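S.K.: Residue-level listing of the chains:
Protein chains: 4
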Amino acid sequence: MYRYELSPRYAETDAMGHINNTVAPVWLEKARDPIFELFMPGRDLSKANLITVKYTIEFHDEIRYEHDVAIFTAIAEIGNASFTVTQRIMQNDSLRATGRTTLVHFDYRNKKAAPIPEDIRARLQEMAEA
Amino acid sequence: MYRYELSPRYAETDAMGHINNTVAPVWLEKARDPIFELFMPGRDLSKANLITVKYTIEFHDEIRYEHDVAIFTAIAEIGNASFTVTQRIMQNDSLRATGRTTLVHFDYRNKKAAPIPEDIRARLQEMAEA
Amino acid sequence: MYRYELSPRYAETDAMGHINNTVAPVWLEKARDPIFELFMPGRDLSKANLITVKYTIEFHDEIRYEHDVAIFTAIAEIGNASFTVTQRIMQNDSLRATGRTTLVHFDYRNKKAAPIPEDIRARLQEMAEA
Amino acid sequence: MYRYELSPRYAETDAMGHINNTVAPVWLEKARDPIFELFMPGRDLSKANLITVKYTIEFHDEIRYEHDVAIFTAIAEIGNASFTVTQRIMQNDSLRATGRTTLVHFDYRNKKAAPIPEDIRARLQEMAEA
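Protein chains in written order, with the numbering used here: chain A, 1 to 130; chain B, 1 to 130; chain C, 1 to 130; chain D, 1 to 130.
The set of hints was computed from the structure by calculation and includes no laboratory data. Please note that a few of the clues may not be correct.
Under the rule of at most 20 angstroms between Cα atoms (straight-line distance), these lysine to any residue pairs were calculated in the SDA-like manner [claimed, not checked]:
#1 B:54 with A:62
#2 B:54 with B:82
#3 B:54 with A:60
#4 D:111 with B:45
#5 B:47 with A:17
#6 B:111 with A:60
#7 B:47 with C:47
#8 B:112 with A:16
#9 B:111 with A:95
#10 B:54 with A:95
#11 C:47 with D:17
#12 C:30 with B:4
#13 B:30 with C:17
#14 A:54 with B:43
#15 B:47 with A:16
#16 C:47 with B:67
#17 C:112 with D:16
#18 C:54 with D:98
#19 D:54 with C:84
#20 B:54 with A:26
#21 D:54 with D:79
#22 B:112 with A:58
#23 A:112 with B:16
#24 C:47 with B:66
#25 C:47 with C:95
#26 A:112 with B:58
#27 A:30 with A:123
If you want the ones that stay clear, here's a sample from chain C, every Cβ over 10 angstroms from chain D, calculated [unchecked claim]:
#28 37
#29 77
#30 82
Values in this document were obtained by computation on a predicted structure and should not be read as measured data. The C-beta atom is built at its ideal place from N, Cα and C for all residues, glycine as well.
Chain A with its partners taken away, still in its complex shape:
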């Protein structure tokens, strides 16, 4: 599990005065950067090989603009070509939202899912256990 911190943006609020619900997947994707780094070292987009196939986000409480947010990311399951990430969005030490995202390792040349390479699998396993 690792932690990512961010400060909400004014443009991310909505007319209710809180962070709009559609912002959560943007934050959660950003918090997955260390995973992108595993699959594309240097976050080199020309080597991009991950596809987001599904996510579920649950909102437990309002997320406010004026306080920082901490996002905790963990690896929940590792399959042959896919894996699942669970994430929590915390603000002022209280749980605001949880996310569960499934990503697939993709071979863009052959346009199909591809097994997760062994070295990356080992690193994901370490993340899962940490």
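Got chain A; can you put chains B, C and D on it based on the hints?
M.R.: Coordinates of chains B, C and D only, in the frame set by chain A:
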């Protein structure tokens, strides 16, 4: 069930060349406008009383920039204070993504969930059967 | 001059209850699609060859969520490799914002600005005069 | 002048592989948080009293996803009710974009521009000279 059409925006693409996965909840929220209209006539934000508590989005295929998108929205379940909406994002007659969103009717004055008013419930029921 | 219409999205509002100022460039870019179409027929992104080098946006009045918006786009100046577009965002027949954007025709292979091809220039000229 | 650092988000890239031009105003607004803090202590949105009336953004070079960005913000001019902020977006020590934004101190109760209070003016002045 009703249909909403939109033309993707260039700013919604990402480095993979397709519409980024985080755009889907924005489109799906927009496509729920007729439901907002039921709960806040004239979409008058001072009367806003719906909270998004959960959504799941599954991606079946790439969504591209250059073709229009049609979103089909249906009411799946109606509870006491909450209801669930299912949505499909289609492009060129093929299914690109599906969404399932749960919303709660909220009493902002008393800060708690509130039963869906009978007249709105009847309209949701009509949408569910249509 | 041509017209593009859109319906604002709830996610585009901010805590003030209006459309956030950062949304305007997204709308203006979208309203320039017919110009993209000139430079990349079929809006085929693999042929993308326009760079936004500058824009100025002035806000004259609040843009609200609940009413449709009409954007009027005109070509103001055509140079050798660049051209300037002026745009107006209208709501309920009143002017809400104006934009002025300069774009450069770019040769991505040689990584430098390139003269606007004659056939495209003729079409821009037509737009400028319309 | 002060400095704000951020790490670009994958969702902010576009099909060209770089950060989309419409992202710049979002970043620049975020980098103005210390100014919001002056006008609404604690960034308490119920006290919001600033309106963005104009901005110009110039792009000098591509902004890339994989490297951090530093934004430098300075106060350029202070008028009676309005002031102008100049900002630079740097990446890898090279200038990528510059922004110039005019904001107006607004009295929401009376719906008109209002003189900048003296204590805030003094703080802006300090920022202008720093």
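S.K.: Tell me the hint numbers this structure goes against, listed in increasing order.
M.R.: 7, 14, 25
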